[in-house]
Structures are given as structure tokens and as C-alpha cells.
Amino acid sequence: AMAARMTRIVLDDLPYAPGEEAAVLLSGLGATPIMELYILYDEMEKILAAQGIKVYRAYLGNYFTSLEMMGATLTVMKLDEELKQLLDAPCESMGLTQVAR
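Counting in this note's numbering, the sequence shown runs from 933 upward without gaps.
Calculated from the structure, these hints are not laboratory results. Positions of the beta carbon are idealized from the N, C-alpha and C atoms, including for glycine. Watch out, some of these pointers could steer you wrong.
Claimed, not checked - Taking lysine to aspartate or glutamate and the DMTMM-like style, the derived pairs with C-alpha atoms no more than 25 Å apart in a straight line are:
#, residue 1, residue 2
1, K986, D974
2, K1010, E1024
3, K978, E968
4, K978, D1020
5, K986, E968
6, K986, E1014
7, K978, E1024
8, K1016, E1000
9, K1016, D945
10, K1016, D974
11, K978, E953
12, K978, D944
13, K1010, E953
To be verified - What follows is a list of derived Cβ distance ranges for each label pair:
#, residue 1, residue 2, range
14, A933, S998, 17 to 27 Å
15, A963, A933, 13 to 23 Å
16, V1031, R937, 30 to 40 Å
17, K1016, A982, 21 to 31 Å
18, R937, K986, 16 to 26 Å
19, A963, E1013, 32 to 42 Å
20, L957, E1014, 16 to 26 Å
21, Y991, M934, 15 to 25 Å
22, E1013, L946, 13 to 23 Å
Let's have the full structure, built from the sequences with the hints guiding it.
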């Protein structure tokens, strides 16, 4: 129920057409176990797939946190070819390290 509610709120803000691709960022707020994020993401991915939205890249972890706060945030970004190319580029920072794809 929570996955459907969060996904609906985000998709209502920026509608997607079937066949479009997206990047998904699901961040725990600090005290949410990573396993719970994976369970939540699994449901969200099924909801997106049912609407014809392909998840090109998913980031799951504690990216935006507050001391011992329970919960999660969901960000869904509509992608085009340029954004996919940028997402595939290598990066190295304090918050994220990614090798080239």
C-alpha cells in the first residue's frame, strides 16, 4: 500500500507515457533498514512496469538522511538519451562513486 501511494503521488506530478524510461532514487532517511528499501523498491518497480515505465537505473541507499529518522523518499526522473548518457558517466564524490557503464 505504501509503495503504491508513494509511486502514485510522484507519477501524478509528472505523468509518463508507456515505453518511457526513468531513473529511480529510493533513499532511506537514516533508520530504515536497507532490506526494507529493497522490499519497497520491488513493489514500486512492479507498479512502474505495469504502467509501461522501464527503470533504466535504480539507486537505493541512505542518500538523504536525518539522525535516526524512519521512512524513505522517492525520486523518479524521466530520461531521454542525453540524460541516460550522463547517468552512465563515471563519477566520484563523497556521496556517490560510479564506474563508467
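Exercise. Holds or violated: are the alpha carbons of K986 and E1014 at most 25 Å from each other?
Worked result: 16 Å, holds
Exercise. Are the Cα positions of K978 and D944 separated by 25 Å at most?
Worked result: 17 Å, holds
Exercise. Per the hint of 13 to 23 Å, is the separation of the Cβ atoms of A963 and A933 within bounds?
Worked result: 21 Å, holds
Exercise. Given the proposed pairing of K1016 with D945, does the C-alpha separation stay at or below 25 Å?
Worked result: It holds: about 21 Å lies between the C-alpha atoms, which stays within 25 Å.
Exercise. In this structure, is the beta-carbon distance linking Y991 and M934 contained in 15 to 25 Å?
Worked result: Because 19 Å falls inside the window, the suggested range holds.
For this session: For the pair supplied as a hint, K978 and E968, confirm whether the alpha-carbon distance does not exceed 25 Å.
Result: Measuring from Cα to Cα gives roughly 16 Å; hence the hint holds.
For this session: Could you say whether the range 16 to 26 Å given as a hint is met by the Cβ separation of R937 and K986?
Result: 22 Å, holds
For this session: Compare the distance between the alpha carbons of K1016 and E1000 with 25 Å, and conclude whether the hinted pair is satisfied.
Result: 33 Å, violated
For this session: With respect to the beta-carbon atoms only, verify the hint that L957 and E1014 lie 16 to 26 Å apart.
Result: 18 Å, holds
Exercise. Keeping to a limit of 25 Å between CA atoms, is the pair of K1016 and D974 held or broken?
Worked result: Roughly 22 Å separates the two Cα atoms, so the pair holds.
For this session: Would you mind confirming whether the straight-line C-alpha gap from K978 to E953 stays at or under 25 Å?
Result: 14 Å, holds
For this session: Quickly compare the C-alpha distance for K1010 and E1024 to 25 Å and report which way the hint goes.
Result: 23 Å, holds
Violated hints, listed in ascending order, are 7 and 8; each of the other numbered hints is respected by the structure.
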